[in-house]
Amino acid sequence: MRLRLRPVDTSFYDLFTKSAQHLVLGAELLAEMLSDSSDKPDVAKRMREAEHLADETTHEIVRKVNSTFVTPFDREDIYSLGSGLDDVMDMMDEAVDLILLYEVETLPAELSEQVTVIQRCAELTADAMPRLQSMKSLEDYWIEINRLENAGDKNHRRMLANLFSGEYRTIEVLKLKDVEESLEGAIDAFEKVANIVEQIAVKES
Amino acid sequence: MRLRLRPVDTSFYDLFTKSAQHLVLGAELLAEMLSDSSDKPDVAKRMREAEHLADETTHEIVRKVNSTFVTPFDREDIYSLGSGLDDVMDMMDEAVDLILLYEVETLPAELSEQVTVIQRCAELTADAMPRLQSMKSLEDYWIEINRLENAGDKNHRRMLANLFSGEYRTIEVLKLKDVEESLEGAIDAFEKVANIVEQIAVKES
Amino acid sequence: MRLRLRPVDTSFYDLFTKSAQHLVLGAELLAEMLSDSSDKPDVAKRMREAEHLADETTHEIVRKVNSTFVTPFDREDIYSLGSGLDDVMDMMDEAVDLILLYEVETLPAELSEQVTVIQRCAELTADAMPRLQSMKSLEDYWIEINRLENAGDKNHRRMLANLFSGEYRTIEVLKLKDVEESLEGAIDAFEKVANIVEQIAVKES
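Protein chains in written order, with the UniProt record's numbering: chain A, 1 to 205; chain B, 1 to 205; chain C, 1 to 205.
If you're looking for bench data, these hints aren't it; they were derived computationally from the structure. Everything numeric in this text was worked out from a predicted model, so none of it was measured. Glycine is no exception: its CB is placed at the ideal position from the N, C-alpha and C atoms. There's no promise every hint is true.
To be verified - In the BS3-like style, the derived pairs of lysine-lysine whose C-alpha atoms are separated by at most 25 Å in a straight line are:
1) K64/B / K203/B
2) K177/C / K64/B
3) K177/C / K40/B
4) K177/B / K136/B
5) K203/C / K45/B
6) K154/C / K64/B
7) K203/B / K192/B
8) K203/C / K177/B
9) K154/B / K136/B
10) K177/A / K64/B
As the list claims (entries may be wrong) - Sample of chain C residues with no beta-carbon within 10 Å of chain B, all distances over it, derived:
11) Y79
12) P108
13) D127
14) R157
15) T170
16) V173
17) K177
18) K203
Stated by the list, open to error - Covered stretches of chain A (in silico footprint by chain B; criterion: 3 or more residues with CB under 8 Å from a CB of chain B, positions within the stretch not fixed):
19) 94-103
20) 115-128
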């Protein structure tokens, strides 16, 4: 086991965990947005508030890096991880916002499948962030995120084939394609986060 | 006040200012492009020329970093700022080019509002670049750019709601959505520039 | 001529060359996909396999950087080049996948012209990668890629004007625009690779 030459600083890990917890909430709001009985403007408002809180946590991370002389792992990786988590939130917020703006009614099944993938990614990430301190079981995390991203990719392809099947009016295709692209963007953003975690783990080993 | 250990080098600041002045010209050309009485192919030709000059300034910045031993602030931040300013120009050039290519006739009001936001961002940026030397009043700059980006975001959402309201034929929606996305891209690119300026200011404080 | 203070390590150059050779194969598959007589699902399957092999080479590059104490050029540039080459493959794979998924039948002439540009970029890149060791004739490489990117840009504009001319149904415009954007993405990704090569050459001179 490697001799730790850097002071143990728990609060970066706390901030990453807080960031990931915003993502768990965001994913729940996304699922709520897709449910028939939801008050869509209200869900969108709560998502906007969650995105602002996520933004504040990201700023805390950046301020902390800038004012910490010795960081627990590479400064660049801390920035990347912080902004990677922020990117996921932005994509989920965009998806919710478009569902509201576009007054999307017909919700293809694949949209719900994507949101389920996103919720799973969020839970795994909130679970993994505290483990950055011990570096334990992180490989399981990035392997599972990669598997989920592949599942998301299959959903995406099925949805595109469905959208262009002739079943939807072209204007609906445009709207649903935009919503789906935000969801796919969120899943890809989770994969970027997993790649950064892998990079950190490899450097620290 | 921090003792300045690096030699004072004015020419990086001159180059950033020159870059930002290209953006002021580009934003004017964008406004001209939207006016009913403009000779659109001619405006697009002048924009293409302005984009080439902006490209040259970006290359000058890169060459200067590569040949300067001690830079006034982090080498990486100089690259980022130079390419960030270049990205704004590319987005404005793309917007002008699409308006020409798509023979856009109906110009929704929100497009003009976005161009006004872009013009304001360009003026503020040309004003801020010389202040990188003294680091004075830079916070006002990035705070105002952030406010303008929020305004741009509201315009963007209003435009999308309008485009999908049923007022436009679907093929027109496609065209106008592309143009609007270039304009939104330019505003987001200004926000990236403001973030880099904030990063530089924080590190130098 | 600069005294080489770093040990000569051929295997990074071998890995970059291998990466670029995947791109040559990918570009051939892309050309095959556009041919009338091709078995499209089979070509797409072979492209998916080529993309997996390309992915493995990218991972080899990353593992090698992480486990090499003294690298032949900047560590960051090795990462950038490796992932830049990977991005080209992803774009080509996406184009092939969309042609399959969207059951694209009418293939505008400009699509073939873009694929010819992509094939040329791939050949030049596979040719240039071994030359990273000697740094010879690399300027010819990035200059020619820039010229090809400009040609690709003209094709792109012609195709957009054509797509929106009224000749195609709007749903077809949507599909062909997506395919074209993947092709343009591949060409832009080649330009990013050429920029990274230029950056490496400039730093090493």
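Hint check results:
1. K64/B / K203/B: This hinted pair holds, its Cα atoms lying about 21 Å apart.
2. K177/C / K64/B: Roughly 39 Å between the alpha carbons, so the hint for K177/C and K64/B is violated.
3. K177/C / K40/B: holds, 24 Å
4. K177/B / K136/B: violated, 39 Å
5. K203/C / K45/B: Violated, because 35 Å separates the two Cα atoms, which is more than 25 Å.
6. K154/C / K64/B: violated, 31 Å
7. K203/B / K192/B: holds, 17 Å
8. K203/C / K177/B: With a Cα-Cα distance of about 41 Å, the restraint between K203/C and K177/B is violated, given a limit of 25 Å.
9. K154/B / K136/B: Since the Cα atoms of K154/B and K136/B sit roughly 30 Å apart, the hinted pair is violated (cutoff 25 Å).
10. K177/A / K64/B: At roughly 44 Å apart (the allowed maximum being 25 Å), K64/B and K177/A break the hint.
11. Y79: Consistent with the label, Y79/C stays out of reach of chain B, its closest Cβ about 14 Å off (over 10 Å).
12. P108: holds, 15 Å
13. D127: holds, 25 Å
14. R157: Violated, because the least Cβ-Cβ distance between R157/C and chain B comes to about 6 Å, which does not exceed 10 Å.
15. T170: Label violated. Min Cβ-Cβ 5 Å, cutoff 10 Å.
16. V173: Contrary to the label, V173/C does not stay out of reach of chain B, its closest Cβ about 7 Å off (not over 10 Å).
17. K177: About 8 Å separates K177/C from the closest Cβ of chain B, which leaves it inside 10 Å; violated.
18. K203: violated, 7 Å
19. 94-103: n = 5 at 8 Å, threshold three: holds.
20. 115-128: violated (count 0)
Violation of the numbered hints given earlier is confined to hints 2, 4, 5, 6, 8, 9, 10, 14, 15, 16, 17, 18, 20; the remaining hints are satisfied by the structure.
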